[in-house]
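Engineer: Next come the chains, spelled out residue by residue.
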Amino acid sequence: MNVLIDHLGDVLGALGTTLVMFLIAGVGSIVIGVLVTVARVSPIPLLRWVAFAYVQFFINVPLLALLVLAVFALPDAGIIAPLEPTAIVVLAVYEAAYVAEAVRSGVNTVAVGQLEAARALGFNQLQSLRLIVVPQALRAVVQPIGNVMIALVMNTALAAAVGVVELTSEVNKVNLIEAQPIAIFAGAGVIYMAIALVIGLAAGWVERRVAIVR
Amino acid sequence: MSDNFSYLYDSPGPRGRRRILIGSVISAAVLLAFVGLGVWQFADHGQLDADRWAPFLQWPIWQYLLVGLLGTLQAAAVTAVLSAPLGALFAIGRLSRVRPIRWLATAYIEIARTVPVLLLVYLMLFGLPHYGINVPTLWKLVIPLTVANSAVFAEIIRAGVLSLPRGQEEAALGLGMLRRQAMRYVVLPQALRSVTPSLVSQLVSLLKDTSLGYIVAFTELLYRGQVLSAFNHLLIQTFLVVTFIYLVCNGSLSAVASRLRTRTVRRGIRPPVAPELSTPITEKAPHA
Numbered sequence: 008m009n010v011l012i013d014h015l016g017d018v019l020g021a022l023g024t025t026l027v028m029f030l031i032a033g034v035g036s037i038v039i040g041v042l043v044t045v046a047r048v049s050p051i052p053l054l055r056w057v058a059f060a061y062v063q064f065f066i067n068v069p070l071l072a073l074l075v076l077a078v079f080a081l082p083d084a085g086i087i088a089p090l091e092p093t094a095i096v097v098l099a100v101y102e103a104a105y106v107a108e109a110v111r112s113g114v115n116t117v118a119v120g121q122l123e124a125a126r127a128l129g130f131n132q133l134q135s136l137r138l139i140v141v142p143q144a145l146r147a148v149v150q151p152i153g154n155v156m157i158a159l160v161m162n163t164a165l166a167a168a169v170g171v172v173e174l175t176s177e178v179n180k181v182n183l184i185e186a187q188p189i190a191i192f193a194g195a196g197v198i199y200m201a202i203a204l205v206i207g208l209a210a211g212w213v214e215r216r217v218a219i220v221r
Numbered sequence: 029m030s031d032n033f034s035y036l037y038d039s040p041g042p043r044g045r046r047r048i049l050i051g052s053v054i055s056a057a058v059l060l061a062f063v064g065l066g067v068w069q070f071a072d073h074g075q076l077d078a079d080r081w082a083p084f085l086q087w088p089i090w091q092y093l094l095v096g097l098l099g100t101l102q103a104a105a106v107t108a109v110l111s112a113p114l115g116a117l118f119a120i121g122r123l124s125r126v127r128p129i130r131w132l133a134t135a136y137i138e139i140a141r142t143v144p145v146l147l148l149v150y151l152m153l154f155g156l157p158h159y160g161i162n163v164p165t166l167w168k169l170v171i172p173l174t175v176a177n178s179a180v181f182a183e184i185i186r187a188g189v190l191s192l193p194r195g196q197e198e199a200a201l202g203l204g205m206l207r208r209q210a211m212r213y214v215v216l217p218q219a220l221r222s223v224t225p226s227l228v229s230q231l232v233s234l235l236k237d238t239s240l241g242y243i244v245a246f247t248e249l250l251y252r253g254q255v256l257s258a259f260n261h262l263l264i265q266t267f268l269v270v271t272f273i274y275l276v277c278n279g280s281l282s283a284v285a286s287r288l289r290t291r292t293v294r295r296g297i298r299p300p301v302a303p304e305l306s307t308p309i310t311e312k313a314p315h316a
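Those sequence lines, one after another, are chains V and P. Oh and the first sequence: position 202 is 209 in the working numbering, straight run, nothing missing. Oh and the second sequence: position 132 is 160 in the working numbering, straight run, nothing missing.
Hints in this document: simulated from the structure, not taken from any laboratory. Warning: the hint list may mix true and false statements.
Label-pair ranges, simulated between beta-carbon atoms [said to hold, decoys possible]:
(1) V/ALA124 to P/ARG287: 31 to 37 Å
(2) V/ALA60 to P/GLN209: 31 to 37 Å
(3) P/ARG80 to V/MET200: 51 to 57 Å
(4) P/VAL95 to V/ALA88: 47 to 53 Å
The following residues of chain V were derived to be distant from chain P, with all beta-carbon distances above 10 Å [unchecked claim]:
(5) HIS14
(6) VAL34
(7) GLU91
(8) GLY196
(9) MET200
(10) LEU208
(11) ARG216
C-beta: ideal position from N, C-alpha, C; glycine also.
When you get a sec, could you build the whole thing from the sequences and use the hints?
Structural biologist: Put into structure tokens, the structure is as follows:
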């Protein structure tokens with residue numbers, strides 16, 4: 008651990024990058040994921056199909072291939088963006104597919120009676136989606152979304168492979184200087200585990216607060 | 029394959045049908061605008077020119093990439109063959125009545141599930157050679173993947189065991205079997221059967237993870253794509269083709285998984301719910 012403390016400034020800066028990437032991509036992926044799910048259960052066939060294709064595409068293509076495509080290849084088509092925002096956008100749209108899968112399984116838990124009641128009360132389709140289906144679906148999938156967020160934290164490490172200086176690439180750099188791999192990589196592992204633990208606990212806390220007890 | 033959420037709505041009347049039509053037209057227009065913008069941007073930079081795509085009509089290029097795909101499949105197969113039995117072992121360990129075994133298995137699973145694979149890959153690449161441990165390239169990729177995936181397999185199998193009615197084990201014990209016999213002949217076979225779709229889904233994620241071979245310079249699909257693009261300077265085309273190959277391979281695996289899933293649901297076996305896993309494991313049967 009001492010080795011990492013010697014480089015505390017750099018490591019903390021890199022940890023900050025990891026956390027910033029996680030927070031922005033996390034919020035982004037939840038927003039996109041919910042929108043995709045809404046499209047997937049909408050009465051418009053075209054939107055359903057597009058949402059389905061979106062989820063299938065991102066679940067079946069490796070994140071690293073997408074990162075390489077976005078960072079190294081897209082500039083050839085004149086789409087040039089700074090490195091970190093590019094990585095964040097790719098992470099968000101990728102993880103959104105997993106969020107959408109989770110939320111969709113939540114939609115399945117909304118009882119048919121809820122929809123029938125909404126119709127009987129005169130809600131139109133948009134209202135029943137917004138006020139009845141989505142809130143209940145989200146409450147049912149807090150824990151699964153927490154797990155997607157843990158996966159997202161681990162996936163931010165892949166940004167190191169395309170040159171973003173975040174925790175994994177920084178500790179790797181420290182190791183190249185100090186050559187104490189076990190201590191350094193174990194330290195980084197502990198940091199990632201701590202982040203995952205915090206997300207897990209937070210998801211548990213949120214779930215206890217919003218869960219519908221039937 | 030596609031899902032049925034029609035129970036969410038009444039069957040539309042004339043006004044509803046008109047609204048759906050208007051919605052379809054608007055979303056089609058927006059979609060076309062986006063696609064058009066993308067195509068225009070690509071065409072504007074000459075990325076759609078025929079001579080930039082023509083190389084991918086030649087067999088040698090495909091042969092080069094398919095050798096990479098073979099490496100991908102090889103790494104995925106070795107990882108799967110190693111992590112499935114390991115996963116079953118850790119699952120049994122976590123369910124064990126012996127505390128030290130349970131604690132060790134739990135600790136391993138929790139650690140392996142929350143440490144990024146890339147960190148383990150860097151450890152194999154830059155860490156262990158420092159201690160004189162230098163394994164062949166394939167293993168630099170397979171060992172980290174096995175560490176991570178055996179933990180996920182363990183959790184899936186454990187979910188399957190927990191979802192089995194307790195009566196099964198009780199009946200086996202009642203027949204005079206030992207606990208380990210009950211596990212081996214009664215519980216595990218049924219549990220494995222009920223989680224087969226989830227195990228196949230996890231294979232998709234495993235196959236995706238082999239793209240880390242790009243970093244360890246193992247001859248797999250993404251790495252070959254990288255080498256090819258450095259040679260022909262057709263970055264966009266090469267990586268799009270690589271993405272497409274991944275999509276076809278994993279798409280067929282996913283299709284197998286979802287077919288297995290509907291079959292299990294139809295046979296009336298309740299799929300297990302494993303809320304603590306990151307990959308979507310179950311689809312509950314839609315409300316009738």
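Engineer: Now tell me, hint by hint, if it's right for this structure.
Structural biologist: Each hint tested on the structure:
1. V/ALA124 to P/ARG287: 31 to 37 Å: Once the Cβ atoms are compared, 35 Å apart, the range 31 to 37 Å for P/ARG287 and V/ALA124 holds.
2. V/ALA60 to P/GLN209: 31 to 37 Å: Violated: the Cβ-Cβ distance is about 48 Å, outside 31 to 37 Å.
3. P/ARG80 to V/MET200: 51 to 57 Å: violated, 46 Å
4. P/VAL95 to V/ALA88: 47 to 53 Å: violated, 33 Å
5. HIS14: Fine: 16 Å to the nearest Cβ keeps V/HIS14 off the interface.
6. VAL34: holds, 18 Å
7. GLU91: holds, 17 Å
8. GLY196: Answer for V/GLY196: violated, closest chain P Cβ roughly 4 Å.
9. MET200: violated, 5 Å
10. LEU208: Correct as stated: the minimum Cβ-Cβ distance to chain P is 13 Å, above 10 Å.
11. ARG216: Answer for V/ARG216: holds, closest chain P Cβ roughly 17 Å.
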